[in-house]
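Student: If you want the building blocks of each chain, they are given just below.
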Amino acid sequence: MVDFSLWDIFRNLLLAARWTVVLSVIAFVGGGLVGLGLLLARLARWPGAQTFVAGYVQLFQGTPLLMQLFLAYFGLALFGINVSAWVAAGVALTLYTSAFLIEIWRGCVNAIPKGQWEAADSLALSFGEKMRHVIGPQALRIAVPPTVGFLVQVIKGTALASVIGFIELTKAGTMITNATFRPFAVYACVALLYFALCFPISAYSRRLERSFQRGR
Amino acid sequence: MVALDFGAVLVQWPALLRGAAFTLGLTAVSAVLGGIVGVACGWARAWGPPWLARLVGVYVELIRNTPFIVQLFFIFFGLPSLGVKLTPELASVIAMVVNLGAYAAEIVRAGIENTPRGQLEAARSLAMNELQVFTRVVLPPALGRVWPAMVSQIVIVMLGSAVCGQIAAQELSYAANLIASRNFRGFESYLIATAIYLGLAIFIRQLLNWAGPRFIFGRVATR
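Going down the list, the sequences are from chains A and B. No gaps in the numbering here: position 169 of the first sequence is 162 in the numbering used here, and each next residue is one more. No gaps in the numbering here: position 217 of the second sequence is 218 in the numbering used here, and each next residue is one more.
I should point out that these hints are in silico values taken from the structure, not numbers from a laboratory. For glycine and all other residues, C-beta sits at the position ideal for the given N, C-alpha and C. Just to be clear, a hint being listed does not mean it is correct.
Claimed, not checked - Some chain A residues near chain B, calculated using beta-carbon distances under 8 Å:
no.	residue
1	Pro57
2	Leu64
3	Phe67
4	Phe177
5	Ala184
6	Ser195
Based on the provided sequences and hints, a complete structural model is requested.
Tutor: In structure tokens form, the structure reads like this:
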């Protein structure tokens, strides 16, 4: 058996952590784009968009992320798409993230006074102009702190991708445990690395929140 | 075209029912114990002695910034090397209580800190001791204020418990796994389990929204 020092364990986990970061970025960017698209469709009052988005949000927020990952993994395969763990995890986490971001951002848009909409309407701005010049910039300002805070949830969510065989931090922890039989040390290191990733983001989000409340 | 066969999964309904009941039981136990941990920690954070407030702060930040699955693995796989042997069920409950407790602590603290000053002064001028002030005057309306957040968190923990199947706790996702491994109908099996989870989430939300004002914080306030 190969002897693993604590440093070896930590170094290997650190290498695996980059896949946690990459998957988080994919889910966050993808989820942001899908969420923005659905939110705009809703705000533009497309027929059926309101019902669809409400159902979409309820579906993804009311079911376990783990089940969504399994469904993406087995579901895409049914349609003859050759799924790697990458594709399944990317798709499931993107949809999951988008459902939460829609709700967060919708709250921010709702927080904008009605007069702003009316003023934009009375200037005969088109929907796109309204979004770009009036509603968008104001909503964006409110949206930053909770969006940054939600990033922590996304990073923690990627840990579940380990279950469908995606090799990231948690999966690497399991594999190293199986090789070293030192679960206590390994999972403590895994937790520590997640903490090192998430805590600065949580703290930053809180600071943004505070400075935003002061600025009002 | 894809041929789906839900019948092959649905004939195993007793396993699904047992799994769903297990998930509900797991959630009920964790919600009660986690709620108690949350109130105790929320009190410590808002009113406790500074050293205790700091200690609880470390606990809350540690739990909120690490994934549930890692907490579960740490408890189930890691603790036995310290001589603590746990069954999957016990490890699941502990992980869920520890997890919910940390989130509930922050929720309860927010409720406590929004107590109007006058209420505290009124309670103290009635010669209530600190414990009475907290349990009779501060806590009930504080829980009422944060109840929606609390309900959401309990639902999140219930959905998170799907992970407990990974350490062979016999809950709903474990049942779905088992069925899929018997008949190779993975997609159908997980789809049905997912639908049951959705039903459970809606049910728990309705139940708690109904029960909260009646049994948990309304009773004291209306008397």
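Student: With reference to the structure, classify each hint as holding or not holding.
Tutor: Here is what the structure says about each hint:
For the restraint placing Pro57(A) at the interface with chain B, the shortest Cβ-Cβ distance is roughly 4 Å, inside the 8 Å limit, so the hint holds. Taking 8 Å as the C-beta contact cut-off toward chain B, the hint placing Leu64(A) at the interface holds, the least distance being around 5 Å. Using the Cβ-Cβ criterion of 8 Å, the hint placing Phe67(A) at the interface with chain B is satisfied: the shortest such distance is roughly 4 Å. Interface hint status for Phe177(A): upheld, as the beta-carbon distance to the closest one in chain B is roughly 4 Å, under 8 Å.
Residue-level restraint check for Ala184(A) holds (minimum Cβ-Cβ distance to chain B is 5 Å; threshold 8 Å). Against a cut-off of 8 Å between C-beta atoms, the interface hint on Ser195(A) holds, since the closest Cβ of chain B lies about 6 Å away.
Hint violations for this structure: none, all hints satisfied.
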